[in-house]
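S.K.: Protein sequences appear in the order of chains A and B. With the first letter of the first sequence counted as 1, position 38 gets the number 38 in my numbering; the numbers rise by one all the way through. With the first letter of the second sequence counted as 1, position 111 gets the number 1111 in my numbering; the numbers rise by one all the way through.
No lab work stands behind these hints, which were simulated from the structure alone. Do not take every clue at face value.
Okay, the calculated bits of chain A under chain B, using three or more residues with CB under 8 Å as the criterion [unchecked claim]:
| hint | segment |
| --- | --- |
| 1 | 4–13 |
| 2 | 46–53 |
| 3 | 253–266 |
By construction, the Cβ of each residue, glycine as well, lies at the ideal position given by its N, Cα and C atoms.
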Amino acid sequence: MRNISHITIAISLATLSKQIVIEAAEEKSLFLVLVAIIAILPNILDLKIVAPLKMEIPKPAIVLPNKEKPNHQPNIQKTLEKILDDTIENIDQVYKYGGRKIVEFPIFYIKHKPIPYKLDIGPNTVTVTHPTGRTTRKTPIPIEEGGTIKIIDRQTPIEIREKRQKDGTRKIQVLLLPWNRGATHSLSIPLLLTPLIPLQPLHGSILFAVACLHPITDMLSTTGCKLFWPIKKERIPGLGLVTSSHDPKLNGLVITISALLTCINIATHTPMG
Amino acid sequence: MWLEIVVFIVVGAGIASITGCIPGMHVNNLIAAILPLIPFLLHYISPLAVVALIISMATTHTFVNFIPSVFLGAPEASTALSVLPGHKFLLEGRGHEAVVFTLIGSLGTLILAIILLPTLVVALPLIYRITVQHLHWLLAIVVVHMLLWEPPGKLRKNTVTHRITTAWSKTFISTLVFVLSGILGLLVLETPLLTGKNVLFPPLVGLFGVSTLLFSFMSKTEIPPQAATKTIKVDRGEALKGIAMGTTAGIFAGVFPGISPATSTALAQEAIGHEREEGEKLFLISVGGVNTAEAIYALVMLYSLGRIRSGTAAAINQVLPYVELNLWLLVSIALAAGGIATLTTIYISKRVASNLTKIPYQVTCLGIIIALSTLVLLISGPIGLLVMATATNIGIITITTGIRRVHAMGFLLLPITTFFLGWESKILALLGCN
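The task is simple: from the sequences and hints, build the whole structure.
M.R.: If you want it as structure tokens, here you go:
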């Protein structure tokens, strides 16, 4: 889900309480702003703390699956393996028959431009070509005996998005999210808020519920999150109800419904002056 | 009477086609300039013709105003940290194409507004009545989200400190810009620093006009030849999505005070748009639409609730004692003006595109900076010039640090949020203004 979806869901939940709505209207309380911050806290932590620490400085990288430790999602693994198989098959072809082969696929770094990677497979090297600003960087990676190429980022959680192009073909986007939806999207974060509940039962419970909602709604997509970190450190596969949590239609629908609910809640609970 | 209305639609479109080409000139500044003339005009022409003149000027201005936004103030791509989508097209020789995208948004939104009008006449006042006591936290959430969600800068070093400071630096600078522009807004709007109707002109010209032109002048931008006659292909789905985004953002900006078209477009883009890198065309279509949509929905708010949400609504409000308001007539006038504005904008844009490289770009920028400064001096005096200079400095911070320019809209958002929170007088007292 996008941030605004998380915020509108959280606000629609919080405004179910008459007391919260009255406090907001009459005492000019800013509690609902805190609710909004808690609703997007996992994403803020990811973007502002986890990502900077984990994100690689962009460098040429061939993102290929590791067959020894397959991705827990069969469809993702299958797509990744296809890229790997295509690459290896082309390397074999060049080894056997000479000439050159080109394999192209785009890799998406979050908040960066889509990077169209081109593997130029020659007899001795695979040259990885990708644009960096105005120039195009070419990095030759030596092919080892046996025709395999070095696999980088093997443990990176990867989100695959398939998009139908205008000409009917499908474009595969490989979204690298090595930092996204890790510990920040676990249920441990809401647990940190539980001491607030005895102090402020209503406000504490709302904040706890809102903090739980974020990882739960993110579980609707295929990528899932590390829901039970640190007990279970693996990422739990999502329900796969939507291919991407950034889907505009899904987010548009969620925002509209939540906003309507909020309006109904406010209209019901606000004392008319 | 109808002929008189048609004549004044054309006259209004003609005037706004000229004023729309002035960078940093907001439609409210244009309307503020004709406000004192309204009683005088009412002696000679019918009230409906005055309304036609005002709406035609306001609508046309929102169409034509993208010409200076796209063709002027482009930075040198290698030196600026953030290049606006329109300027990206300009630097690729596709400035006219960018203007056409904004026109698609403006015209499409206008047509969609008419389709949605019966629903919105009921819905918008209802939304406003429901949320009016809750505007303080709604606006505060918009501010907090915008500031926190500023993406991190590019990593250059591999140290932990560098990584964390890079991630938070833009949020820190955005907050600084928001607060500085907000304080400027409080001083301009809530104190007698600037007097007269055109208090918005010097700060807005500084924040978004002169700062951009000055940066462009300093960075020795080279503009490539512009393709003015090339056929422009637009994906229907993309256009419809942009129009829908523009309309949504326009409703938001039209109903909620303090939310500018730029702010609401940024929110709509984040909510239902593409990733930023994919959506430049989409952004241009939606940003084209949002200004027009806001103008229309401000009329709806005036008609349904008597609430003044824009300069145009304020001007029409002056004519209200002399005429019975018919919303369909107002929107029809806007549609007619939109048709004329589309044609004039395409014509002007083509002319500008084909002649842009004939005059040195820096000379053009400098000339416009001098002209704007003179205009500010004449309208608002030396204090206005001082306000413009301060606003220019704030605008330059946004360009050189690569943060989104929408944070400078703290100029309106901070005073309005503090007003709804009831903190306004306390902050002014802190600033030593009471």
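S.K.: Are the hints correct? Go through all of them and say.
M.R.: Here is what the structure says about each hint:
no.	hint	verdict
1	4–13	holds (count 4)
2	46–53	holds (count 6)
3	253–266	holds (count 3)
Violated hints for the displayed structure: none, as all numbered hints are satisfied.
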